[in-house]
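Asker: One-letter residues, chain by chain:
Number of protein chains: 2
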Amino acid sequence: MNICIAGLGLIGGSMALALKRAGYSVDGWNRSKEPLGYALENNVIDSAAARFDDYDMVFVALPPKAAVQFINGNAFKDGAIVSDICGVKEYIEREVCLKPRNFKYIGCHPMAGKEVSGIENACADLFDRASMVMTRAQNTDNSAFERVEKLVKDMGFARIVECSAEVHDRKIAYTSQLAHVLSNAYVKDEDIEECFGFTGGSFQDMTRIAGVDENVWASLYLLNAQNLTRKISGLIDSLEEIKDAIDKGDFDDLAAVLHRGRELFAAGKENLCKNRDIFVKYLK
Amino acid sequence: MNICIAGLGLIGGSMALALKRAGYSVDGWNRSKEPLGYALENNVIDSAAARFDDYDMVFVALPPKAAVQFINGNAFKDGAIVSDICGVKEYIEREVCLKPRNFKYIGCHPMAGKEVSGIENACADLFDRASMVMTRAQNTDNSAFERVEKLVKDMGFARIVECSAEVHDRKIAYTSQLAHVLSNAYVKDEDIEECFGFTGGSFQDMTRIAGVDENVWASLYLLNAQNLTRKISGLIDSLEEIKDAIDKGDFDDLAAVLHRGRELFAAGKENLCKNRDIFVKYLK
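Protein chains in written order, with our numbering: chain A, 1 to 284; chain B, 1 to 284.
In case anyone wonders, no lab produced these hints; they're calculated from the structure.
One should not assume that every hint holds.
Put simply, identical chains are the same to the list, so a pair is met inside one copy or across any two.
Said to hold, decoys possible - Straight line, CA to CA, 25 Å or less: simulated SDA-like cross-link-like pairs of lysine to any residue:
#1 K20 to I278
#2 K188 to G201
#3 K281 to V116
#4 K65 to H259
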């Protein structure tokens, strides 16, 4: 299988390394020269790709709009598989399905990342024990889906979570985007500039992702605006509820409000497979 | 130096282990029998204390109200040092200073913890590389403060952050209590029960402390209510600002709002020592 990765950042670079670790040969391409040079020098990829109509499999590891532009602007081999790894899936699926294609599209979103970006932070084990979300539409090609599944398994992922692009975008608004919004909001406190000796693990957890690239995330938020703003509103309601209970000063009431959070979190951990809109497949 | 730790939970147990690692002999006491038995069997403490008027140093590792009750209900040696480790400091200082004492009080708050509690989770290295906040009031005894500093250093802490109880409570409302409120609010989403395959590091960070004991934290929140509710309100404002920018849909505006978070977080990291209300001492 002839594989190319377009976009050699943290995720694209890590996919290349993970695939090479599993024995695949991987070519790569990047918009700017430097990451490409780095990838070649450090054996992240085997060689540089200039065109894409020779590959059986092209992973497009670019931000959403760049991914669509890339897919529309290049020719692919008849029957090739083209996968993106974007953090929003309805937008990509819609754009890719706007016209007939000679390739098979499979949407992917790896549930792994780092608070730093760039190929110099890529690593072969980034996806070990992580989930890969793969989206499936009416016209998804089963054999292409299975071939991507095999690659996902070989990259080290622990499980594949299969759902529609719509389900993906709703869930991800909560599990990833809201977490990033929250971290960004949390650091906007008057005390942020003089608090670092007063911090332990909980502060570090809340702020780890506060410094992510605002351009990447602004774009993801706007492409999933309706889901995300509903999640932000819900979070604000939950904060108001705790604030009101503290204001009232009744210990039992406040403890009951907090207890509900603890219970929900504990109850949720095992529940995924009960949702019929989601199919979970454990690998290995 | 003759040391006793009253309250053998995660923090008290870890202090005992850290002090024993440094060569001290440490006695212990606990309200309930089981943790005391565990501490004796597992050499967390050297022996069980029944009274406290024999010790040069008593660390009271109990929740705020229990700590005050313990201090009021027991006799201490003339000139002994009594330290608490509570997450709120104005309340304890006020209660301890309500009447003349024959001992010297030093308020402490270790910036370390775990999302799990109990002596079975205690470990000798919990405080390695952490800050210890030590509070100082008008009448604080300098030589007692220095003796506690020495023990803090020997427990493995990397630095002592010295400030008033009032400064501590304001900072901690942000760095610790708000983080815990946030995590509890974050898990109260309609999708929490069916999202676990869609989660990566950011979700794990946001939810790690969602399951902490609501009774411990409700008490801390109520004893620092004014500071904490102001922090919650500020956070809600910051979330509203991001939500409004997403609603408006202007990429540059949204990126600018997010960028400010990234800048603030980066700028804050080195700023602590500029605040004259806080004195930082690096150990070792």
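Asker: With reference to the structure, classify each hint as holding or not holding.
Answerer: Here is what the structure says about each hint:
no., hint, in the structure
1, K20 to I278, "neither (30 Å within a copy, 52 Å between copies)"
2, K188 to G201, "both (18 Å within a copy, 22 Å between copies)"
3, K281 to V116, "neither (29 Å within a copy, 31 Å between copies)"
4, K65 to H259, "between (42 Å within a copy, 20 Å between copies)"
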